[in-house]
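Protein chains: 2
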Amino acid sequence: MIYTDASQTKQGMSVLVEGNVIKSITDDDDVISAFINEHKAEQDFSQINGSGYLLMPGLVNTHTHSPMTVLRNIGSDLTLQQWLFGEIIPRECNLTPENVYYGSMAAQMEMMRSGTTCFCDMYEPFEMLTKATLDSGMRANICTAGLHNDWSTGEKRTYETFEQSAKLFKQYSSYDRLNIFFEMHSVYLYRQEWLSGIVENAKKFNTGIHMHLHETEKEISDFMELNNGIRPTEFLESIGAFDVKTVAAHCTHMNDSDIQILKKHDVNVAVNMTSNLKLGSGIPPLPKFLEAGINVTLGTDGCASNNNLNMFEEMHLAALLYKGLYKDPTLIKAQDVVNMATVSGAKALLSEPCGAIKEGYLADMILVDLSGIHLNPINDINALICYCMQGSDVDTVIINGNVIMKNKKFLSIDEEKIMSEVNSIILCK
Amino acid sequence: MIYTDASQTKQGMSVLVEGNVIKSITDDDDVISAFINEHKAEQDFSQINGSGYLLMPGLVNTHTHSPMTVLRNIGSDLTLQQWLFGEIIPRECNLTPENVYYGSMAAQMEMMRSGTTCFCDMYEPFEMLTKATLDSGMRANICTAGLHNDWSTGEKRTYETFEQSAKLFKQYSSYDRLNIFFEMHSVYLYRQEWLSGIVENAKKFNTGIHMHLHETEKEISDFMELNNGIRPTEFLESIGAFDVKTVAAHCTHMNDSDIQILKKHDVNVAVNMTSNLKLGSGIPPLPKFLEAGINVTLGTDGCASNNNLNMFEEMHLAALLYKGLYKDPTLIKAQDVVNMATVSGAKALLSEPCGAIKEGYLADMILVDLSGIHLNPINDINALICYCMQGSDVDTVIINGNVIMKNKKFLSIDEEKIMSEVNSIILCK
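First to last, the protein sequences are chains Y and A. Here the first sequence is numbered in the working numbering, starting from 92 and rising by one per residue. Here the second sequence is numbered in the working numbering, starting from 92 and rising by one per residue.
It should be emphasised that the hints constitute simulated quantities derived from the structure, not laboratory data. All figures in this text were calculated on a predicted structure; none of them were measured in a lab. Beta carbons: idealized from backbone N, C-alpha and C, even for Gly. Hints should not be assumed to be uniformly reliable.
Stated by the list, open to error - Restricting the straight-line Cα-Cα distance to at most 20 Å, the calculated cross-link-like pairs of lysine to aspartate or glutamate (EDC-like) are:
| hint | chain 1 | residue 1 | chain 2 | residue 2 |
| --- | --- | --- | --- | --- |
| 1 | Y | Lys-497 | Y | Asp-135 |
| 2 | A | Lys-508 | Y | Asp-460 |
| 3 | A | Lys-520 | Y | Asp-471 |
Unchecked claim - Here are some, though not all, of the chain A residues that point toward chain Y, as calculated from beta-carbon distances under 7 Å:
| hint | residue |
| --- | --- |
| 4 | Ala-97 |
| 5 | Lys-101 |
| 6 | Ser-167 |
| 7 | Asp-168 |
| 8 | Thr-170 |
| 9 | Glu-291 |
| 10 | Lys-294 |
| 11 | Asn-367 |
| 12 | Asn-399 |
| 13 | Lys-418 |
| 14 | Asp-419 |
| 15 | His-465 |
| 16 | Ala-474 |
| 17 | Tyr-478 |
| 18 | Cys-479 |
Just chain Y, with the same shape it has in the complex (with noise of 0.2 Å):
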């Protein structure tokens, strides 16, 4: 069965892909018959037959933190200043880069056996986070120019310069499952005339911002304190940084004005439902998002504030809780939550069509196993995908054409290691 860009589903098709792109979706024998022999001879080439499974676009994680699943369950229920302070930040600077890379490579296959395809991450260092995507198979969203620890001496946390960012972005923007943009952290963490610079250099290399942006109330009043009443979106748009591509992660606290910024500027919001929740930042306006017309995608953020990269979970928090909170059930409707989920996030990430399984998009698609009691009977698609399944169902990913992960067991990731690496990081404050 397939879950096509209609949010409906066809039966007895077949999807065709050539290199990393769906060629074909039919039920011709004749076209089918001709592709298997035109490609059967690739040593690449493989069926599967997808009997009893739901082809469905990957899940797009839109803003996460993927080092951070090393830091998982640590400081929980405690208010943020005590989590941040007291116990993430005193052990984040004891990470090394072999650290990060394994966190960021578990959170991957923690993502991927959960559906996910493609993922929007910030964290340091860069070079860590590109390696560990480029072994993982995944596509990923990266950004340069942020924070880093200056592992040769020692130093903590200082800046990357423009010109290392510049050169990190030119080596790595032409890899293929790599989209560069670079990193503008947020307004309370960077310094202002950074924020020009780092605009400057996206303008200049024609791509876009991943930032965090009105994720509590402290930091926009902290902000209009320091600059006479300005409110951050105000003055982030201002300085043109809405005038590139940008993914502007939380917005959890977003009046009229700013909405209508956003989306004037197209600005792409990353809602990430649990962590809000879980650190007490607040709700984000998700329905007067949808109403304003702004694209609407859903993120994890790290491991530490929510604590799993589960994209199910926040499809299902993203169905439910307006509804209740206006008392309207009505509200946001399973199919807006799938394509927030897939098509929308893709959209805000990437420059090639992807998203959805459609003729010309990118093949990211996972097969998810209908045989769960939990999934029968089925009754509609789009809320059996936003209410009922679970990360575990999903069999089989696919991602820029290469298959990953066949019946649950990763082609070629070494499960074992990267779980032992994992657990033998022992993190000191």
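Given the coordinates of chain Y, assemble chain A onto it according to the supplied hints.
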């Protein structure tokens, strides 16, 4: 690894089960050998190696309508009126007793697969629920004296008489895994003279009542309009409904005076997070319940309003929602949520000690596979259970001392048959 009743873990211990009760938790090799020698000749004697697993109490689902699994995903994202009267009830009227049996069996399979060992059911006909429960191996609290379809005459939706109900109680209350309550559906569905009759019956038979209470604002205002401004909770107190053991499902809209009444009579509250959100009923004041010292438990409600029966999702929601709503990440600790889903639930439904790995407690336990990449590193066991664990991590289910599921396979349920029966039910309006 054993999750102890102190909400911590112990390693290297053995749990010895005699009959249906946990006899001992020990690392004394002599005690273990003596126990094995004493029991090894018994036909159902078995040893399970728990290495790499977490042994924890089975989850307790304190409110559901198990046969509604056949209505999964019907009428999602509609208004409550459209959903209930336009989609659900017209189909329910066409259910046969056989449909109800297979629906309940499928529900019980889904519950056990995701770690639930005991549930509180409300549906009809009573004999189909009890038959399914006796067949499945689960523990259940089932209530009689509800609505019923008179299948013999084709009459739809009549009521059981008190005599019928009392007869069923006497017939089934001595079964090992069944605990029989009386059903008081709600103040809006039952006539007032009936409510008092149900209280009398419960007192006479020294058992409890399972009811819906303050699920929606409309239910409260409608009742108040007809009853001189008296709230349903006040009225039920006045007729003695809380003088017996009570499981009150939903309690979505409770003011301070209602909460005082619940606490005064030790009413057990079954919070149904997903259902209340999904149907737009509202958000129950869970932090206030806990502050008042009320026994708070978790339920999934029926599958048509959830659309699954996965208690891990209910835990996840209960732990997250209030932190975001009140912008306080210290609200509703992971440990409290695990208690709600285990020992507090068991206390609400049963008269015997259950819901903890503790000597003298009923042997209702699950083994959870800890090898998933999403469960590593562990760092904090309560956070792990509450925020990371998935229903699909449950490997083995032990109920009443019997191994019901092992290596994710049911030992004596014909899974294929149940699945096929459930999928063959076509319910027209």
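Status of the hints after comparison with the structure:
Restraint check for Y/Lys-497 and Y/Asp-135: satisfied, since their Cα atoms lie roughly 14 Å apart, inside the 20 Å limit. With a CA separation close to 18 Å, the supplied pair A/Lys-508 and Y/Asp-460 stays within the 20 Å bound. Our distance criterion of 20 Å between C-alpha atoms is met by A/Lys-520 and Y/Asp-471, whose separation comes to about 16 Å. A hinted interface residue such as A/Ala-97 counts as satisfied when its beta carbon comes closer than 7 Å to some beta carbon of chain Y; here the least separation is about 18 Å, so the hint is violated.
Hint on A/Lys-101 is violated. Least Cβ distance to chain Y is approximately 19 Å, over the 7 Å limit. Because the beta carbon of A/Ser-167 sits about 4 Å from the nearest beta carbon in chain Y, less than 7 Å, this interface hint is met. Interface hint status for A/Asp-168: upheld, as the beta-carbon distance to the closest one in chain Y is roughly 5 Å, under 7 Å. The criterion of a C-beta within 7 Å of any C-beta in chain Y is met by A/Thr-170, whose closest approach is roughly 6 Å, and the hint holds.
With a least beta-carbon distance of about 36 Å to chain Y, the hint placing A/Glu-291 at the interface is violated under the 7 Å criterion. Because the smallest distance between the Cβ of A/Lys-294 and any Cβ of chain Y comes to about 36 Å, over 7 Å, the interface hint for this residue is violated. Of the supplied interface hints, the one on A/Asn-367 holds, with its beta-carbon coming within about 6 Å of a beta-carbon of chain Y, less than 7 Å. About 5 Å separates the beta-carbon of A/Asn-399 from the nearest beta-carbon of chain Y, less than 7 Å, and the hint is met.
The criterion of a C-beta within 7 Å of any C-beta in chain Y is met by A/Lys-418, whose closest approach is roughly 5 Å, and the hint holds. A least Cβ separation of about 5 Å between A/Asp-419 and chain Y falls short of the 7 Å threshold, and the interface hint therefore holds. With a least beta-carbon distance of about 5 Å to chain Y, the hint placing A/His-465 at the interface is held under the 7 Å criterion. A distance limit of 7 Å between C-beta atoms decides the matter here; for A/Ala-474 the minimum to chain Y is near 4 Å, and the interface restraint holds.
The restraint placing A/Tyr-478 at the interface with chain Y holds, with a minimum CB-CB distance near 4 Å, inside the 7 Å limit. For A/Cys-479, the interface hint holds, since its Cβ comes within 7 Å of a Cβ in chain Y; the closest pair sits about 5 Å apart.
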